[in-house]
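J.: Sequence:
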Amino acid sequence: MQPQTTPNHMEIYWHDYASQFGETPITEASLTEKASVIGRTGLLLLSCGTGAWRVRNSMNAIASQLGITCTANIGLLSIDYSCFDGKHCFSQSLCLHNTGVNTSKLNRLESFVGSFPEKYAHMSGEKIHSKLDEIEKLHGLYSPVALGVASALACSAFTFLLGGGVIEMICAFIGAGMGNYIRCELNRRRLTLFLGIVLSVSAACLIYTGALKLGEILLSVPTQHEAGYICAMLFIIPGFPFITSGIDLAKLDLRSGLERLSYALIIIVVATLTAWVMALILGLEPVNFPPLSISPVLLFFLRLAASFCGVFGFSVMFNSSAKLAAIAAAIGAVANTLRLELVDIAALQPALAAFIGAMSAGILASMIKGRLGYPRIAITVPSIVIMVPGLYIYRAVYNLGIMSLTASSTWFASAMLIILALPMGLIFARILTDKMFRYCT
1 MQPQTTPNHM
11 EIYWHDYASQ
21 FGETPITEAS
31 LTEKASVIGR
41 TGLLLLSCGT
51 GAWRVRNSMN
61 AIASQLGITC
71 TANIGLLSID
81 YSCFDGKHCF
91 SQSLCLHNTG
101 VNTSKLNRLE
111 SFVGSFPEKY
121 AHMSGEKIHS
131 KLDEIEKLHG
141 LYSPVALGVA
151 SALACSAFTF
161 LLGGGVIEMI
171 CAFIGAGMGN
181 YIRCELNRRR
191 LTLFLGIVLS
201 VSAACLIYTG
211 ALKLGEILLS
221 VPTQHEAGYI
231 CAMLFIIPGF
241 PFITSGIDLA
251 KLDLRSGLER
261 LSYALIIIVV
271 ATLTAWVMAL
281 ILGLEPVNFP
291 PLSISPVLLF
301 FLRLAASFCG
311 VFGFSVMFNS
321 SAKLAAIAAA
331 IGAVANTLRL
341 ELVDIAALQP
351 ALAAFIGAMS
361 AGILASMIKG
371 RLGYPRIAIT
381 VPSIVIMVPG
391 LYIYRAVYNL
401 GIMSLTASST
411 WFASAMLIIL
421 ALPMGLIFAR
431 ILTDKMFRYC
441 T
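Counting from 1, one number per residue, gives the positions in the sequence shown under the numbering used here.
Hints listed in this document are in silico derivations from the structure and should not be mistaken for laboratory results. Where hints are given, some of them may not hold.
Between beta-carbon pairs, the in silico distance windows are [said to hold, decoys possible]:
no.	residue 1	residue 2	range
1	M436	R188	35 to 41 Å
2	K87	M367	27 to 33 Å
3	L219	L141	45 to 51 Å
4	L141	H15	50 to 56 Å
5	G114	G67	27 to 33 Å
6	L258	L191	23 to 29 Å
7	S91	G114	23 to 29 Å
8	T192	G283	28 to 34 Å
Where is the CB? At the ideal position from N, CA and C, for every residue including glycine.
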């Protein structure tokens with residue numbers, strides 16, 4: 001049998017939907033031509049990793065400008081939609097070959113939708129599709145090397161926030177940087193999701209252990225610092241689909257919410273099982289970090305700095321511009337430090353502190369959104385990804401693997417409470433600050 005050479009998902013020739021004759025404005029074009037612009041815009045938004053509510057809202061905005069009605073059923077990778085003009089109906093199913101996160105492209109698409117009445121409504125369908133061609137060609141702002149450095153920065157900061165010291169941070173920096181670099185190279189070559197997760201997580205754990213062993217040989221570093229190896233793989237945390245799944249479920253977009261949740265769980269299960277196997281091979285155990293002797297005041301400022309660096313790194317990994325990443329990092333520094341201080345000083349339960357931290361991030365993002373014009377989700381999600389309890393999830397899986405069921409269930413329950421609290425915090429922040437989101441309309 002000959003190997004398959006054609007792609008499993010066929011290319012859509014969008015310009016075939018546009019009229020090749022004259023300069024007829026899109027507002028006067030056929031229903032098919034109007035629907036093609038609406039559907040393609042929705043599909044491009046979906047490819048950026050945003051949720052169903054935002055995709056549908058954008059499709060509705062363009063449809064209302066074109067004088068037609070649009071209904072859409074949206075999932076993680078596909079859109080089924082119909083357009084009506086009072087006389088005719090046009091239905092179409094569209095599908096992506098893969099998903100990802102691209103906040104820079106999301107910002108550009110939101111600008112396209114927001115300025116559609118002034119800039120694009122008078123254009124022909126052919127010209128609008130040419131503009132969408134330009135947006136579609138916007139790939140990542142950063143090279144795999146830069147994304148590796150961003151991951152290294154984020155995971156190193158994550159290590160400190162989880163209780164690790166300088167040695168764990170350095171080893172996590174090296175392991176996470178190389179691990180995410182490998183993942184980006186595999187994604188660039190369009191290798192399958194499972195293979196990318198397994199190879200990148202394995203590499204991160206192996207390189208962390210190698211760096212620690214090298215330090216042990218050359219600098220007499222004690223082996224007790226092996227506790228941070230799990231931090232080297234936290235770049236794999238699927239924060240965007242996790243959070244957007246919660247938002248979609250809150251708006252009763254069950255298809256999108258459940259599909260996004262399933263996608264996030266697939267990544268977590270494959271990553272944690274891979275890390276567990278690597279731990280067995282390398283003889284590693286998820287023990288507690290050695291205690292740090294830091295005064296509460298100094299710890300407060302170090303948490304601010306580490307939270308800023310961690311969120312900045314994750315934002316860059318989501319393809320945010322440096323300015324957008326810095327804004328998200330500033331909000332994340334405040335929200336995450338508030339969360340940690342509430343646990344330490346006020347003795348709040350971690351899940352309740354996570355809810356308050358996420359809600360504060362959502363409120364701060366809403367306060368500055370109107371001034372800066374960035375999509376709210378491009379600020380809020382990166383700012384709370386650092387709150388996702390990746391270490392808890394891994395310890396739950398590790399203890400399950402060695403049949404320590406009591407410890408596994410304890411870690412799993414703690415992780416689930418925090419994971420549920422994070423989107424709930426953003427949802428209630430959105431309810432408080434966004435009238436459109438507040439109602440079922």
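J.: If a hint holds in the structure, say so; if it does not, say that too.
T.: Going down the list of hints, with the structure as the test:
1. The supplied range of 35 to 41 Å is met by M436 and R188, whose beta-carbon atoms lie about 37 Å from each other.
2. Hint check: K87 to M367, Cβ distance near 45 Å, so the stated range 27 to 33 Å is violated.
3. Our hint of 45 to 51 Å for L219 and L141 is violated, since their Cβ atoms are close to 37 Å apart.
4. About 27 Å separates the C-beta atoms of L141 and H15, a value inconsistent with the hinted range of 50 to 56 Å.
5. Between G114 and G67 the beta carbon distance is about 19 Å. The supplied range of 27 to 33 Å is therefore violated.
6. The given range of 23 to 29 Å is respected by L258 and L191, whose C-beta atoms sit roughly 26 Å from each other.
7. For the pair S91 and G114, the beta carbons lie near 27 Å from each other, so the given range of 23 to 29 Å is met.
8. Range check, T192 to G283: Cβ separation about 30 Å, and the 28 to 34 Å hint holds.
In this structure, the hints that do not hold are numbers 2, 3, 4, 5, in rising order.
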